[in-house]
Amino acid sequence: MNHLNTLLLAIFVVLFSHSLEINATVSPDGKLKVTVLSMENKSYSDVEFRIEYMDKCVLSHSKLGLETDSRIYAGNLRLKSISEARLVVDDYKMITGKRRHCVNEANEQVYYFENDKQQEMAVIFRVYNDGIAFKYGLTTDTPEEYIINELTTYYIPQGTKRWMQRYDPGYEGFFPLSTDGSLEDGSVPDRWGYPALIELQDSLFVLLTEANIRRGNCGSLLYNGVDNSNYQVRLAEEKLPFYKSWTSPWRLMIVGSLSDIVESTLVTDVSDPSKIEDTNWIKPGCVAWNYWAYNHGSRDYEIVKKYIDLAAEMKWPYDLIDWEWEMMENGGTVLDAVEYALKKKVTPLLWYNSSTNWIGEGAPGPLYRLNTKENREKEFKWLREIGVAGIKIDFFSGDGISTMNYYLDLLEDAMKYRLILNFHGATIPRGWQRTYPHMMSVEGVYGAEWYNNNSVLTNKAAAHNATLPFTRNVVGPMDYTPGTFSDSQHPHITSYGHEIALPILFESALQHMPDRPSIYYSFPTPIQNYLSQLPTVWDDTKLLAGYPGVEAVIARRKGDTWYIGGINGTDEERTLHFSLNSLSDLGTEAMIIRDGMDDRNLITEENVQLRKKEFTINCLPRGGFVLIVK
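Quick note: the sequence shown uses this note's numbering, first residue 1, plus one each step.
Keep in mind the hints are simulated off the structure, nothing from the lab. Any given hint might turn out to be false.
Straight line, CA to CA, 30 Å or less: simulated DSS-like cross-link-like pairs of lysine-lysine [stated by the list, open to error]:
1. K344 x K378
2. K416 x K378
3. K244 x K373
4. K80 x K135
5. K306 x K373
6. K93 x K283
7. K416 x K275
8. K306 x K381
9. K306 x K93
10. K161 x K31
11. K305 x K315
12. K343 x K305
13. K63 x K135
14. K315 x K117
15. K378 x K460
16. K315 x K381
Can you build the whole structure from these sequences, using the hints too?
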């Protein structure tokens, strides 16, 4: 009887199985696998993919598909052919980012599907040691065709921990922990922005994002309005035109431990190589910045001069003259300010309104100087003539084709005039920092400037700051403007130890130092030296400890020096435990800057001999520390 039952079960599985394995592609180290499956036992069906890491399921029931205005690829697909697996090696140098020399490998296979009308769709899968990348390819014989829907879905079952941001075109929101897709206020959005961090099991995580948006493409978001557990990739354009051929951006899943997530360079690994051969003119560094403390400070020539003096005193290479500089008064114009900066051996940067979003009454200027190629060429030529080395461009309008093309226009024209760029009120990085290395930073974050706008950040900052290294900053540079010691319009309750660690925790090739000159001058010499010598680009990055919203300890190496920043994201005193065993070329002399007796004081310990590699540092509520090892 048992044999009969076994036989009947086997027949049932064969006849009624809902999925048949088509093929599996495995990472070079053998730990990560993507399996493509046909969802019905028939010729044409849905196609799904499943991801496993060391035999543990990462994602399953995740669908592939596209829809154009004249054809559909969903529920009607069959495999036509699969290419032989080929090894892809990414080996390149970066100016910005987590490390200067990036190396990664993937096994790539191309799956060719056809629908029931024999129309072909290609899906290119790359399986890296730290993640999966895939993209679609189509060709057409018609003069013009439109992508109207991408049908990729990621299945995230209820009860799964996730840190996701409600979609906002400026990506200025929080990443609250949720298990059901709801937010802290009880609302349940159905549109979510990248990146999305998911915790699966046994400290296994996946981070979802996208990369390598080329001209003519748009960004996307995640939509779960039909089924709360299925997050569909939804394009920013309702109709995305293409001619002859079309390739989507890469859809990315970074997979592994939190260390794997934080240290990954997958976003740039899959992006186009640098378009700039001679990069000697691209100079990262710290920036003195008057907006945070004074809001409209760039209208006042005397205030601008104070920040130029600050940059000179602190040996920071740059000063940013922010919005409304064309209205500068009180003793000088913007030309006077630029001349003053150059005499002080400080390189000036200027702010511009992109003139695509906030352009109505009250919109800050200058306006309409960059929207056309003719205007850009004229403005960029003038900037170089007067000695300005770069610009910050603000208030963009979403992730559509026209905006993405505008970013690329700005990057390509600025490249010709050797101007570095910083995008604000903007989308998140999607790999352009490799292709256009003069793109030094991007906002796309709920950063410290929000202390100027409302009181929300006051109570949320510590947990938010301890979440960003695992979410937003994973995908690229983040102009948070860290290190606010005094108060702006709304107070901060993070400690000085917390704030002084943020420029290490948060990666940005231009690190805007937001506070008042008097604050920096009031610090003792060791802390002033730390801030004046602070690198903004790194040779290596390691996560030493952390969990989203709770704590984060990150080590970054510059030359033979390791800079380690740690923060407590909770409202309770907390002891941070971490090891230095994973750090190469570790010296024996250290300096520690940590919380003092209260949140507005610091303790500095110099010339500490490093006799152990296991550390415990006690932090105040919302506290933190810096450890520098030479």
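Comparing the hints with the structure gives:
1. K344 x K378: 27 Å, holds
2. K416 x K378: OK: K416 and K378 at ~12 Å, within 30 Å.
3. K244 x K373: 27 Å, holds
4. K80 x K135: Satisfied, since the Cα-Cα distance of roughly 17 Å is no more than 30 Å.
5. K306 x K373: 35 Å, violated
6. K93 x K283: 15 Å, holds
7. K416 x K275: Status holds; Cα separation ~11 Å.
8. K306 x K381: 27 Å, holds
9. K306 x K93: 37 Å, violated
10. K161 x K31: Holds, because 23 Å separates the two Cα atoms, which is no more than 30 Å.
11. K305 x K315: 15 Å, holds
12. K343 x K305: Satisfied, since the Cα-Cα distance of roughly 12 Å is no more than 30 Å.
13. K63 x K135: Answer holds: K63 to K135 is near 13 Å, not above 30 Å.
14. K315 x K117: Measuring from Cα to Cα gives roughly 66 Å; hence the hint is violated.
15. K378 x K460: Violated, because 43 Å separates the two Cα atoms, which is more than 30 Å.
16. K315 x K381: 27 Å, holds
Of the numbered hints stated above, those contradicted by the structure are hints 5, 9, 14 and 15, listed in ascending order.
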